[in-house]
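Colleague: Based on these hints, arrange chain B on the given structure of chain A.
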Amino acid sequence: MARARKVELDCEEPFSLAAARVVGVRAAEVFEHAEGVLDLEDTERVHDMRVATRRLRAAMEVFEPCFPRKRHRKALKRVKALADALGERRDRDVTIGALEGMAGELREGDRDALAALVEARREEQRKANEELAPFVAPKRLRKLRRRLDELVEAAR
Amino acid sequence: MKAREVEGLEPGEPLRPNAARIVNTRLGELRALIEPALDPGAAEAQHDLRIAAKRLRYVLEITGLCFGEEATAARRAARQLQGILGEIHDCDVMLPGAAGIESLQALLRTHRALLFRRFNELVQAQASAGVWAALERSLQ
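Quick mapping for you: the protein sequence lines, in order, are chains A and B. 1 is the number of the first residue of the first sequence in the working numbering; add one for each residue after it. 1 is the number of the first residue of the second sequence in the working numbering; add one for each residue after it.
Chain A with its partners taken away, still in its complex shape:
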């Protein structure tokens, strides 16, 4: 999992300046992890982008009063939608990994049923990936980035 970049904060600085700095860094991290997230062979990519999105969402919630209310609400709504789409994909990745990991511990007679269950989850994973695709399309991400940049600027 990608580590969050350290943001230098001063506890005596205004809350709104801390908001601009933290949200700016966390937003940049989301876009840094956008490459290759639809790759079903490399599940770490979607995980990293999901974690980055979760950190951004947390920062936006912590610093909510520092931003113009309407713009913040719209931006957060879009970040949440992205996080949900990434989460749907990630949940399937985790379930498939866990089920496959348990195969050796099951009774011989249950292994075919487990294989069918894994295949059903793979189908859900493909569907979740298709539904994620528009959220991580370059044009949509550029728009979200602009929106977040403007939000950060408004807090300074």
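I should point out that these hints are in silico values taken from the structure, not numbers from a laboratory. What you are looking at is a predicted structure, and each value in this text was computed from that prediction instead of being measured. One should not assume that every hint holds.
20 angstroms max Cα-Cα, derived EDC-like pairs, lysine to aspartate or glutamate [what the hints assert, rightly or not]:
hint, chain 1, residue 1, chain 2, residue 2
1, A, Lys-70, B, Glu-10
2, B, Lys-54, A, Glu-64
3, A, Lys-74, A, Glu-150
4, B, Lys-2, A, Glu-64
5, A, Lys-139, A, Glu-32
6, B, Lys-54, A, Glu-61
7, A, Lys-80, B, Asp-48
FRET-style restraints, in silico, Cβ to Cβ [stated by the list, open to error]:
hint, chain 1, residue 1, chain 2, residue 2, range
8, A, Lys-127, B, Ala-32, 35 to 43 angstroms
9, A, Arg-71, B, Arg-79, 30 to 38 angstroms
10, A, Arg-73, B, Val-93, 27 to 35 angstroms
11, A, Lys-127, B, Ala-45, 25 to 33 angstroms
12, B, Ala-113, A, Glu-124, 26 to 34 angstroms
13, A, Pro-138, B, Ala-113, 43 to 51 angstroms
Just so you know, even glycine gets a beta-carbon here, dropped at the ideal spot from N, CA and C.
Modeller: Relative to chain A, chain B alone:
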């Protein structure tokens, strides 16, 4: 579970008092949810506690520097809670899909019971160490 709104935040005021208000609210939410989650079958309460631990952890990741070592210890404790409750939740999510696969169901139930025991021990250890009380004091 919706997060409780934090009252009295002032964007023009320093980070520390604002952060203290947020941490205090999130800490209160977490503490209130510990007891109900100690019932082994209370999957929903355990899920709510996981979310509360996650929220406290994230606010401490951002603002913990204002509250010293107590915040570092509390952030780690929240992360541990979140981790183990996440594994319990994974079992709860997988169990319905395992219907009709007897040995998989048995494996998931055994694993969940083991995780719950570890969760219970973790809660007791954190209470003995006074992690949450120390964090609360550091906010003053």
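Colleague: Work down the list of hints and note, for each, if the structure agrees.
Modeller: Tested hints:
{"no.": "1", "hint": "Lys-70(A) to Glu-10(B)", "verdict": "holds (18 angstroms)"}
{"no.": "2", "hint": "Lys-54(B) to Glu-64(A)", "verdict": "holds (18 angstroms)"}
{"no.": "3", "hint": "Lys-74(A) to Glu-150(A)", "verdict": "holds (12 angstroms)"}
{"no.": "4", "hint": "Lys-2(B) to Glu-64(A)", "verdict": "holds (15 angstroms)"}
{"no.": "5", "hint": "Lys-139(A) to Glu-32(A)", "verdict": "holds (15 angstroms)"}
{"no.": "6", "hint": "Lys-54(B) to Glu-61(A)", "verdict": "holds (13 angstroms)"}
{"no.": "7", "hint": "Lys-80(A) to Asp-48(B)", "verdict": "holds (19 angstroms)"}
{"no.": "8", "hint": "Lys-127(A) to Ala-32(B): 35 to 43 angstroms", "verdict": "holds (38 angstroms)"}
{"no.": "9", "hint": "Arg-71(A) to Arg-79(B): 30 to 38 angstroms", "verdict": "holds (32 angstroms)"}
{"no.": "10", "hint": "Arg-73(A) to Val-93(B): 27 to 35 angstroms", "verdict": "holds (30 angstroms)"}
{"no.": "11", "hint": "Lys-127(A) to Ala-45(B): 25 to 33 angstroms", "verdict": "holds (31 angstroms)"}
{"no.": "12", "hint": "Ala-113(B) to Glu-124(A): 26 to 34 angstroms", "verdict": "holds (27 angstroms)"}
{"no.": "13", "hint": "Pro-138(A) to Ala-113(B): 43 to 51 angstroms", "verdict": "holds (47 angstroms)"}
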